[in-house]
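Colleague: With the hints as a guide, bring the two chains together.
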Amino acid sequence: MSNLAARPPAATTRPLQVPALVLVAAACLPVAASAGDAVRGAVLAAPCASCHGTDGHSPGEIPSIAGMTPEDLSRAMLDFRSGARPATVMNRIARGYDEPEIAAIVAYFATKAQ
Amino acid sequence: MRTSEPTRRQTLGMLTAAPLLGMPAIARGATQGRVVIVGGGFGGATCARYLRRMAPGLSVTLVERNPHFVTCPFSNLVLGGLLGIESITHSYDGLRRDGVEVVQANVEAIDPAGRELRLTGGDRLGYDRLVVSPGIDLIMEAIDGYDEAAAERMPHAWQAGSQTLLLRRQLEAMEDGGVFVMAIPQTPYRCPPGPYERASLIANYFRTHKPRSKILLLDDKDQFSKQGLFQEGWAQLYGDMIEWLPFGQTGGLIAVDPDTGVLQTEFDTHRADVANVIPPQRAGRIVHDAGLTEGGQWCRVDPRSFESVVAEGVHVLGDAVIAGAMPKSGFSAGTQAMVCARAIAALFAGESLAEPSFVNTCYSLVGPDYGITVADVFRIGPEGSIVAVQGAGGVSPMGADPEFRLREARYARGWYTSITQDIYG
Numbered sequence: 216m217s218n219l220a221a222r223p224p225a226a227t228t229r230p231l232q233v234p235a236l237v238l239v240a241a242a243c244l245p246v247a248a249s250a251g252d253a254v255r256g257a258v259l260a261a262p263c264a265s266c267h268g269t270d271g272h273s274p275g276e277i278p279s280i281a282g283m284t285p286e287d288l289s290r291a292m293l294d295f296r297s298g299a300r301p302a303t304v305m306n307r308i309a310r311g312y313d314e315p316e317i318a319a320i321v322a323y324f325a326t327k328a329q
Numbered sequence: 141m142r143t144s145e146p147t148r149r150q151t152l153g154m155l156t157a158a159p160l161l162g163m164p165a166i167a168r169g170a171t172q173g174r175v176v177i178v179g180g181g182f183g184g185a186t187c188a189r190y191l192r193r194m195a196p197g198l199s200v201t202l203v204e205r206n207p208h209f210v211t212c213p214f215s216n217l218v219l220g221g222l223l224g225i226e227s228i229t230h231s232y233d234g235l236r237r238d239g240v241e242v243v244q245a246n247v248e249a250i251d252p253a254g255r256e257l258r259l260t261g262g263d264r265l266g267y268d269r270l271v272v273s274p275g276i277d278l279i280m281e282a283i284d285g286y287d288e289a290a291a292e293r294m295p296h297a298w299q300a301g302s303q304t305l306l307l308r309r310q311l312e313a314m315e316d317g318g319v320f321v322m323a324i325p326q327t328p329y330r331c332p333p334g335p336y337e338r339a340s341l342i343a344n345y346f347r348t349h350k351p352r353s354k355i356l357l358l359d360d361k362d363q364f365s366k367q368g369l370f371q372e373g374w375a376q377l378y379g380d381m382i383e384w385l386p387f388g389q390t391g392g393l394i395a396v397d398p399d400t401g402v403l404q405t406e407f408d409t410h411r412a413d414v415a416n417v418i419p420p421q422r423a424g425r426i427v428h429d430a431g432l433t434e435g436g437q438w439c440r441v442d443p444r445s446f447e448s449v450v451a452e453g454v455h456v457l458g459d460a461v462i463a464g465a466m467p468k469s470g471f472s473a474g475t476q477a478m479v480c481a482r483a484i485a486a487l488f489a490g491e492s493l494a495e496p497s498f499v500n501t502c503y504s505l506v507g508p509d510y511g512i513t514v515a516d517v518f519r520i521g522p523e524g525s526i527v528a529v530q531g532a533g534g535v536s537p538m539g540a541d542p543e544f545r546l547r548e549a550r551y552a553r554g555w556y557t558s559i560t561q562d563i564y565g
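Residue numbers (our numbering), protein chains in the order written: chain R, 216 to 329; chain G, 141 to 565.
Okay, chain G solo, but in the shape it has when bound (with noise of 0.2 Å):
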């Protein structure tokens, strides 16, 4: 691996830098400083060309198992037949573009100690910062029988490629009149309305080419996001297409059985023709071998640097994070890798950290024509934790015309082509 070396544009790049001093990890190359950033997804990537805006003196390198990046948002509009998987598929040339170094491995180990990464295969990587943005683990054996294998017949589709192409392959192949079950952990877990929207999607594909089906959520928990408009649009939309049952008439998923297709909670046995099945989920893998999760679920971090509080010089975003009141989101994540990017920026120049802002723009469809939304912008409370500025935010009206719901449509398709062209383009 050639990782190491310094790159023309990088030793340039330092005769514009400033002072060295009190940076002594710069003395080991010849750049500002080297950061480091795992996982390639809306936090990762972001962090990546907004550190290049922000600091072009320091040298970026993304390491990422997967050669592209199929994005979470807008799979269910894959799984609702409304596009192929290509549109949501994304390459990371745009940010070799953007002077990135781009490395296609698995992390095997970060070595906080020592400011390294073990890549599989053995090659190393040092860093002066390290970024880690390492997405969710699916906690599968929460659920009794359900495994990678019990995967591949009851899929999760909750990271977004091949299993979400294994689920519409499996909604495509069912009979009309058949019945496609959706189990649905509880909070914090990634994209909270995102269960929501796709049972709509699904939905609307059923409408128009397999009226007599039906769509059966098992919840558990007792309310969601944006429900009341969910709940709205789908009496519109879907008539009662749509039946949700809550954690109080489930008493929670306990097992499934792909063999026979039954989904099986406290209180009731149900059979699907589809199932999906949505595991409890938990910080990427790498951060807990890390010990920077702290035999927790998730990682505790400085809001204003989104540096872990076990580990200097390691930053953690996305997901993988306890952000305060800050849903699980492509959207936060990327806000949170803009202030990370700022941050890391001052910390090699030596700078205090500017005091952050946040903002979270939540789209989703109830129907092709039909956008909803829940927004927030957040900022640091008197605790120090994110907290949503009060007065703001909040959700689409309730009763708001067809041309309100279909301009919030328009804009959720705008959303998606300007965060990903702002990211990957």
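Chain R on its own, in the form it takes in the complex (with noise of 0.2 Å):
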């Protein structure tokens, strides 16, 4: 299977279903994103926490993501995926995911830095 193969369709926007202080909170980031994708970075995000702490506050050993800027953030996934930037085991995770999907995970942590 090729390894667009496994993936679904990109995310549909639904406005009339998003609650509205989704979409306030939508508009407050700094990367342009729809409702849609931030239903779609918080749901392609939440697994992170297992390992870096609630809403990326770690409590032990491994780093948090909470306090990383979105462009830090943005450029380890990226380069964590390129395998630029030398890892234990996010090289292996970042390649789950392709540029949109690390946006919209970026994204989410910028809502949770708020």
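Rather than coming from a laboratory, the hints here were simulated on the basis of the structure.
Fair warning: there could be bad hints in the mix.
To be verified - From the derived model, a few chain G residues whose C-beta atoms are all more than 12 Å from chain R: (1) Thr201; (2) Gly261; (3) Arg293; (4) Ala313; (5) Asp362; (6) Ala395.
Claimed, not checked - The following residues of chain G were derived to be distant from chain R, with all beta-carbon distances above 10 Å: (7) Val242; (8) Gly254; (9) Arg255; (10) Asp263; (11) Arg264; (12) Ile279; (13) Glu292; (14) Asp316; (15) Val319; (16) Gln326; (17) Gly368; (18) Glu383; (19) Gln404; (20) Thr405; (21) Glu452.
To be verified - Here are the computed distance ranges between Cβ atoms for each label pair: (22) R:Pro274 x G:Gly534: 23 to 33 Å; (23) G:Asn246 x R:Pro274: 30 to 40 Å; (24) R:Ala299 x G:Pro328: 32 to 42 Å; (25) G:Gln389 x R:Lys327: 50 to 60 Å; (26) R:Pro274 x G:Glu406: 43 to 53 Å; (27) G:Thr409 x R:Pro274: 40 to 50 Å; (28) R:Gly282 x G:Gly534: 22 to 32 Å; (29) R:Ala299 x G:Gly534: 12 to 22 Å; (30) G:Leu493 x R:Asp294: 27 to 37 Å; (31) G:Glu288 x R:Lys327: 46 to 56 Å; (32) G:Gln326 x R:Glu286: 41 to 51 Å; (33) G:Leu493 x R:Pro315: 18 to 28 Å.
Remember, predicted model here, so these are calculated numbers, not experimental data.
Quick reminder that beta carbons are idealized off the backbone N, C-alpha and C, glycines included.
Modeller: Here it is as structure tokens:
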């Protein structure tokens, strides 16, 4: 199976079904993002908590995501993905996400920083 | 039982709720809806916690028979003498603080048609949606001579708690020069690399306390998770202390005799000073009784919501589920629970389901300072089942330097701290 074949189609936006608060939050993002992207980011970012802690605040030995600027987080994920940045496990994980997905994850953590 | 009474907080939550149209079940209660979760392990507790975060208007009740949760992850560190059992024991107070109603009770039966649970003692608990995360049952009858009584002498220690402590006491009491034998089942079973981490950390204990002892692994399969990495680490750290016999050399485990300490395989007889018998497994009893396994060993679910394919309104999580390419692990159960919680929140809100994404990262310690991983990202594939994203994931590199292994060992501990705090903290 190809990499693309395993992927779902791009998230569609459903503006009428998204609570107003989410729309407001999405409008405040540093990266232009639709409401559908906000849900997508939350879904994609959810498993990060199991290693990096709730909302990216790590209580233990694994580095926190919380506190990183969106630029740094984006750069880290892209460099893990390309192999430019050495890693133990993050290079294997980052290759599971394409660039729009990484942008959605970064935008999600940006809302948590506000 | 007062669990059917809405709390003041839940009643207030309704004031900010979405319109009630299209949600007839809600008319029965004063909240946006009532979710009952059975089982407080990684799947059930994560689902409870995340539902409170994602949908504060829902009432969430967790039914769990034990007052605390003892994790299988890191129970091998207890067996190896690196941690006390209290380090892997978690209370449900954090869930209570988040507004989860925690009911300590045994579930006798699920009535999917009546949307109701029957608890031991006769209490009934109604729900709009039910989540069942029952973990595993051990198929002891698959091994001649093995039953509950035999497990008190040849522990499985595959459900953490008293069994973990029993096996630890046996290892401590064993003479130097003794033989520890572990019987390992075929896939699928809970935590595929778990037996090999266990062998590693018991070898670490023997090396320092009983260096003439041996470890014999009687495996009912011919290959295992992270095999190259484990065997590389065993050779570096423990020499020839661990001997692995694949199915091809044993023909499979047939019988055990707790009186003589003998394990009988198709081809041979092995005598153990301490025996750890890990039987084959199936989903926890309650989902079989409710018909959710369709006569098989595991439950089939819609991977977008983890709703049972045979019982509307009933979701099943974790080890009890066939989840495509995902292994049975605490991490898998947690990431499934996040998807399930989001789906339940969407269903109550009348929204469509988000396209899910899953991760499993499985740390194993080959030694206290020697960690290895397997990691994967999962999506729904074109056939509708969960598949690993191609080109991503995989295991730690072979031949890595000690610094790399040390970092993965430190991150293993960090993972345990993070995931247990996220769920139980």
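Colleague: Confirm or reject each hint.
Modeller: Verification of the supplied hints:
no.	hint	result
1	Thr201	22 Å, holds
2	Gly261	35 Å, holds
3	Arg293	36 Å, holds
4	Ala313	33 Å, holds
5	Asp362	25 Å, holds
6	Ala395	40 Å, holds
7	Val242	19 Å, holds
8	Gly254	31 Å, holds
9	Arg255	26 Å, holds
10	Asp263	33 Å, holds
11	Arg264	33 Å, holds
12	Ile279	29 Å, holds
13	Glu292	34 Å, holds
14	Asp316	34 Å, holds
15	Val319	35 Å, holds
16	Gln326	26 Å, holds
17	Gly368	16 Å, holds
18	Glu383	30 Å, holds
19	Gln404	41 Å, holds
20	Thr405	36 Å, holds
21	Glu452	22 Å, holds
22	R:Pro274 x G:Gly534: 23 to 33 Å	27 Å, holds
23	G:Asn246 x R:Pro274: 30 to 40 Å	33 Å, holds
24	R:Ala299 x G:Pro328: 32 to 42 Å	37 Å, holds
25	G:Gln389 x R:Lys327: 50 to 60 Å	52 Å, holds
26	R:Pro274 x G:Glu406: 43 to 53 Å	48 Å, holds
27	G:Thr409 x R:Pro274: 40 to 50 Å	49 Å, holds
28	R:Gly282 x G:Gly534: 22 to 32 Å	29 Å, holds
29	R:Ala299 x G:Gly534: 12 to 22 Å	18 Å, holds
30	G:Leu493 x R:Asp294: 27 to 37 Å	33 Å, holds
31	G:Glu288 x R:Lys327: 46 to 56 Å	47 Å, holds
32	G:Gln326 x R:Glu286: 41 to 51 Å	49 Å, holds
33	G:Leu493 x R:Pro315: 18 to 28 Å	20 Å, holds
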